[in-house]
Amino acid sequence: MTSAANKAIEIAGLDYSFGTGETAKQVLFEIDLSLEPGEFAIMTGPSGSGKTTLLSLVGALRRPQGGQLNVLGHDLNTLESPGLESYRQQLGFIFQLHNLFPALTAFQSVQMAGDLHPEAADQMDDRIRALLTQLGLGERLDYRPHQLSGGQRQRVAIARALVHRPALVLADEPTAALDGENTEIVLGLLAELAHERGTTVLMVTQDARVFESADRLINLVDGQLDSDVRLSE
Amino acid sequence: MLKLMRAVVFSFRLLMHERGRLIASVGGVTFALLLMLLQIGFRNALLDSAIQLLREVDADILVINKEKDPFLARNRMHKERLYQALSVEGVESASPLWIALEQWKNLEEETLHPIRVIGFNPREPTFLIDEVNENVDKLNRIGTAFLDSHARDSYGKLPDGIAQVSLREIEIVGSFPLGTDFEVDGSLLVSDETFFELTRQSPDWIEIALLRLKPGAEMNRVLENLALTLPGDVRAFSKAQLIDRDLDYWRTGTPISVILLVGVALGFAVGVVICYQILYTEVLDHLAEFATLKAMGYGDSYIQFVVMVESVLLSALGFVPSLVLGSFMLAVLGWSSGLPAGISLGDALNVGLLAVSMCTLAGTLALRKVRNLEPAELF
Ligand SMILES: Nc1ncnc2c1ncn2[C@@H]1O[C@H](COP(=O)(O)OP(=O)(O)O)[C@@H](O)[C@H]1O
Ligand SMILES: [Mg+2]
Numbered sequence: 001m002t003s004a005a006n007k008a009i010e011i012a013g014l015d016y017s018f019g020t021g022e023t024a025k026q027v028l029f030e031i032d033l034s035l036e037p038g039e040f041a042i043m044t045g046p047s048g049s050g051k052t053t054l055l056s057l058v059g060a061l062r063r064p065q066g067g068q069l070n071v072l073g074h075d076l077n078t079l080e081s082p083g084l085e086s087y088r089q090q091l092g093f094i095f096q097l098h099n100l101f102p103a104l105t106a107f108q109s110v111q112m113a114g115d116l117h118p119e120a121a122d123q124m125d126d127r128i129r130a131l132l133t134q135l136g137l138g139e140r141l142d143y144r145p146h147q148l149s150g151g152q153r154q155r156v157a158i159a160r161a162l163v164h165r166p167a168l169v170l171a172d173e174p175t176a177a178l179d180g181e182n183t184e185i186v187l188g189l190l191a192e193l194a195h196e197r198g199t200t201v202l203m204v205t206q207d208a209r210v211f212e213s214a215d216r217l218i219n220l221v222d223g224q225l226d227s228d229v230r231l232s233e
Numbered sequence: 001m002l003k004l005m006r007a008v009v010f011s012f013r014l015l016m017h018e019r020g021r022l023i024a025s026v027g028g029v030t031f032a033l034l035l036m037l038l039q040i041g042f043r044n045a046l047l048d049s050a051i052q053l054l055r056e057v058d059a060d061i062l063v064i065n066k067e068k069d070p071f072l073a074r075n076r077m078h079k080e081r082l083y084q085a086l087s088v089e090g091v092e093s094a095s096p097l098w099i100a101l102e103q104w105k106n107l108e109e110e111t112l113h114p115i116r117v118i119g120f121n122p123r124e125p126t127f128l129i130d131e132v133n134e135n136v137d138k139l140n141r142i143g144t145a146f147l148d149s150h151a152r153d154s155y156g157k158l159p160d161g162i163a164q165v166s167l168r169e170i171e172i173v174g175s176f177p178l179g180t181d182f183e184v185d186g187s188l189l190v191s192d193e194t195f196f197e198l199t200r201q202s203p204d205w206i207e208i209a210l211l212r213l214k215p216g217a218e219m220n221r222v223l224e225n226l227a228l229t230l231p232g233d234v235r236a237f238s239k240a241q242l243i244d245r246d247l248d249y250w251r252t253g254t255p256i257s258v259i260l261l262v263g264v265a266l267g268f269a270v271g272v273v274i275c276y277q278i279l280y281t282e283v284l285d286h287l288a289e290f291a292t293l294k295a296m297g298y299g300d301s302y303i304q305f306v307v308m309v310e311s312v313l314l315s316a317l318g319f320v321p322s323l324v325l326g327s328f329m330l331a332v333l334g335w336s337s338g339l340p341a342g343i344s345l346g347d348a349l350n351v352g353l354l355a356v357s358m359c360t361l362a363g364t365l366a367l368r369k370v371r372n373l374e375p376a377e378l379f
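Chains as they are written, first to last, in the working numbering: chain A, 1 to 233; chain Y, 1 to 379.
Bear in mind the hints are in silico, worked out from the structure with no lab data behind them.
Mixed in with the good hints there might be a few duds.
Claimed, not checked - Calculated cross-link-like contacts (lysine-lysine; reagent style DSBU-like; alpha-carbon spacing at most 35 Å):
1. Y/K369 to Y/K3
2. Y/K369 to A/K25
3. A/K7 to Y/K3
Build the full structure now, drawing on both the sequences and the hints.
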């Protein structure tokens, strides 16, 4: 095993540009970053600094163009289908937009994630119910997105990203649409996953309320790592 | 297996969600399938009506003028041929049929309409129609006829059972079911004596010789012997051969039948377009959601499967009402026109297959949109 296999995330010299040729625009420059399993890291930075792009690279939604990118023991520079799909199944991705199918109830939306994990099939329904209840949606299991508020939809999407107990959670401003109380609940949930289950969490946020839950504070400015601070308890 | 079931349930949920769109979609698919069903029904009616008379004659073998193609064309032959055929080994009996077109006068509207007059010898077996065989004695009196009960209304009602055909009075003493075809709106059945008097045709020139085989005689042997014995101006066919030859003629040789096939193709094309429109919109409206599925670890094949299941469900939902409506409309048409319009189980199955291929083709086209779907474009 290489040393990268012991880290949850191992990034070295990562570059990324949108477009090609003269219109190419580089948005990430020589990023070096590694996260231990069970670490709860928060990434901040001004809008347009490349946070979402970095998350999408770690989530294997984009292919790296230069540098090394190893996540959960997979070399993302070379990962192909079907390994790509099974890698993505180990992640929990919370997007800025909830992207829920209007046809599916809260329960069914979360079930779509659970269905990818047949090994846990016999307990999945209970888990979905418990998780949605924990997120304050116990009374709304059978509601469709149009019957839910923005914050409630976001919480359904969060449950969908967590129900299969992913090894790595990538969250892009997950609390932006939530009030104080629900922000507390979601952060508690993520901290619990990190500290009790060893889940690695990489969360983008501008929300100063959440900094205290984190182990690491990473700041990205203009596509470059500006600071990387380990917070002590 | 469970995974497939889940995927089917998911497709079903997607399809059922937007009721308004679903109803419009199913309506569109139904419309396209209905077009196809009606075309097939018309085509069947055309084919069926063309061979009705042929079906109802009591014959194993028919001898006809070699130019007679299709069967409803009029080409006579000398009666001598009938006697020659009768002399061939294995032939038990032979009876002649005379056919002419005459003018029937609609007495209500004072208008003339062509009618087919079929003459036969009432003392010999000629038809397989019970109504004819049970009452055949009534035709012995000259000047009497049976009128086609499936004939179109154009012949009008008869106040006292006396018809005017080609300026002569004919008493209608019974009826038989035959029906409309592409030449006439109906037929009149008369004895040979009445036929000669009504049409002034010579008894020596007959339209068809109907042959029946001796018990145990072998069809192919008899046909071979007939071919050897009979002069080249006539040909002998088994009844089944002649039916096949006629169906073939109408299926391939006639523009109307081709037009109806084009109609089916058109229905198919309309269906593909409608189906494509629906599935494409469906995919496009949920592009971000499908991309999210990919980001979660669903493969392209899963999304393709879901859309294909949607397309098959759509075709099934459109098929049922189109079958009900189509059968009903063809029944009404058959009842009002005298054409035996209808669809067989095989036709229904064919349209079912067309429905599925129509929708899956549309689904495949619609899927080109998600084939290269990049989940990263979500952000
Ligand atoms: N699909 C894209 N095509 C071209 N440029 C993009 C695309 N997505 C993002 N960018 C650009 O890349 C830069 C970084 O964007 P992003 O990673 O979304 O930043 P952040 O999430 O920190 O706001 C921005 O300047 C943005 O305009
Ligand atoms: Mg962003």
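Worksheet item: If you check each hint against the structure, which ones fail?
Response: none
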